[in-house]
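Visitor: Listed below are the residues making up each chain.
Protein chains: 2
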Amino acid sequence: MTTNRVFLLEKRPDPDITDETLRLEERPVPEPADGEVLVRNTWLSLDPTNRSWMNAQATYLPPIPLGHVMRGITAGRVVASRFEGLEEGALVSGMGGFADYAALPGKSLTRIPDGVDPRAALSVLGHIGLTAYFGLLDVGRPKEGDTVLVSAAAGATGSLVGQIAKLHGCRVVGTAGSDEKCAWLTDELGFDAAINYRKTPDLTRAVREACPKRVDVFFDNVGGAILDAALASLAMRGRVVVCGGISQYNAKKVAGPSNYLALVVARGRMEGFVVLDYLPRANEALAALVPWLQRGELKSRYHVVEGLENAASALQLLFEGGNQGKLLVAIES
Amino acid sequence: MTTNRVFLLEKRPDPDITDETLRLEERPVPEPADGEVLVRNTWLSLDPTNRSWMNAQATYLPPIPLGHVMRGITAGRVVASRFEGLEEGALVSGMGGFADYAALPGKSLTRIPDGVDPRAALSVLGHIGLTAYFGLLDVGRPKEGDTVLVSAAAGATGSLVGQIAKLHGCRVVGTAGSDEKCAWLTDELGFDAAINYRKTPDLTRAVREACPKRVDVFFDNVGGAILDAALASLAMRGRVVVCGGISQYNAKKVAGPSNYLALVVARGRMEGFVVLDYLPRANEALAALVPWLQRGELKSRYHVVEGLENAASALQLLFEGGNQGKLLVAIES
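Protein sequence lines, in the order shown, are assigned to chains U and G.
Take the first sequence: its letters are residues 1 to 333, numbered as in the numbering used here.
Take the second sequence: its letters are residues 1 to 333, numbered as in the numbering used here.
Hint data in this document are derived by calculation from the structure and do not stem from the laboratory.
Relax, there's no trap hidden among the hints.
A pair holds if it fits inside one copy or across any two, identical chains being indistinguishable in the list.
Straight-line Cα separation of at most 30 Å, DSBU-like style, residue types lysine-lysine; simulated pairs:
| hint | residue 1 | residue 2 |
| --- | --- | --- |
| 1 | K252 | K213 |
| 2 | K166 | K213 |
| 3 | K199 | K213 |
| 4 | K199 | K252 |
| 5 | K213 | K253 |
| 6 | K253 | K199 |
| 7 | K11 | K252 |
| 8 | K213 | K299 |
Next up, chain U with everything else stripped away, as it sits in the complex (with noise of 0.2 Å):
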């Protein structure tokens, strides 16, 4: 392959992503600088907090200028080098972007230790896989006994969040928009109870039955009425995780947690916090996860997509509850 095929933020979604927001184009691989490599992306990464890249509001990363390549994160393999650190050949893991090759400073890049699954790398042992430990033990602070309950419970996050809680002798309830989902996480996850929200006509009772003894963690990647619901049934100083909202990513406006009172009456806080922050700590999370993983005692499924040429739709999948598991690109198709 000689050219570079790209997408393009080319108009900000407003609020929806369309066929307009992103834009495929070819251009020229790019040459690496000093200091610099050239990687060739393998993978991408597909995030819901892809889409809060997109406006022009900064978030905890600045925007994406219109007409730049879209922000992704990815794994690869250096194709050239003008980095110490990193040969011709070395897996890695970085903001690859929407795109074949990006030529990025070899310092923000992770390397992929030998033997590691490249997905993994963009899921348990990544971004994801931080995102689900530091937010749940770090922020939620379950204690052995603690009722958790997730949001998104069978997407990538979510469904290491209640793993990892159950680890911790919590018992875990998910919420998922499937009967497959659902059964997913209480037949080969082992969470306690599983609630399909699209077929639950009153959410909050549903929380309250599989929460006899409240909810003591809520780890939430969505937000609207599962929020409010969980706050209903908060206990004595309970913790709301925010870790996302995916229900409002594409809302013209937001609708905020309307029970968020109780917040006062159960003495229960709510945090938010991104992943970022926690990458310094990344080996103290990997030292638990690899061997979670080893012994089969964290399961997770990849949701792949063919061809570069299909992230933009694909990235479509996370918001309507399309895929099944950690939704990703294989980019050489």
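Chain U is already provided as a structure; the job is to place chain G on it using the hints.
Guide: What follows is chain G alone, placed relative to chain U:
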């Protein structure tokens, strides 16, 4: 007086307090049982939380059953005692309710020390002072140089919060509903800035301008638009102390903070608390509050309504912002 005027909770507000909510009735003066004292209530504290106690749903206290005496925090003097620790003539504060007399367990009462104004026992040296002190310092945890924003800053709690924050070296900004209140905050209490929310066309912008280094601690008594404005200006690791949400107490549907996802970007925390939990640590607060008060470093003002019979209508002042300082009823008029 041989009869006992009492306000009974006749009808639950739906959502507004009306003339039918509380009904004044004459009853015989109660007889104290063993372990109880009979208190002649002299001062009744009117607090926003009175509204929440009227609901059918439990909050941090059980709901008041219909037909029962309206719960209220009072000061008064013991006129008959069947409890060893309190003699006739002792001044006490406690849950005397909207009534002339109350028979109460002696151990539920707090003795008002000699020389302490009973009005202060219901405000700066009572539940209001503890709310401000522990809510700000224990939940909000301001550091010197932090920007502290307070809503309902001219109210009983808010005015103390702001002054305590000033005593801790913070930049303090308050919101209030009149120019007179705002002038009191800046000219008398030493606030760095005050925002008249009724005159401000863009509250988000007003907060941003008044808090150029963003908001490290937001002490919220109000909810609604000011909560969203504060979240929009939340500093990194900023803290929102949820003390109350008076703008929402009479709402059919509570407006949740639509900017709550700012907690993610700011790695922020939103936390509720109830002052009752801090009663065992009251002396810790008083050890700071009393000297501040004696040195004139904490100022407060009282808004006194004469006559128990006016307690029900006076309660409305809180929701209209009609009171100037701690709202109290002088029961014997």
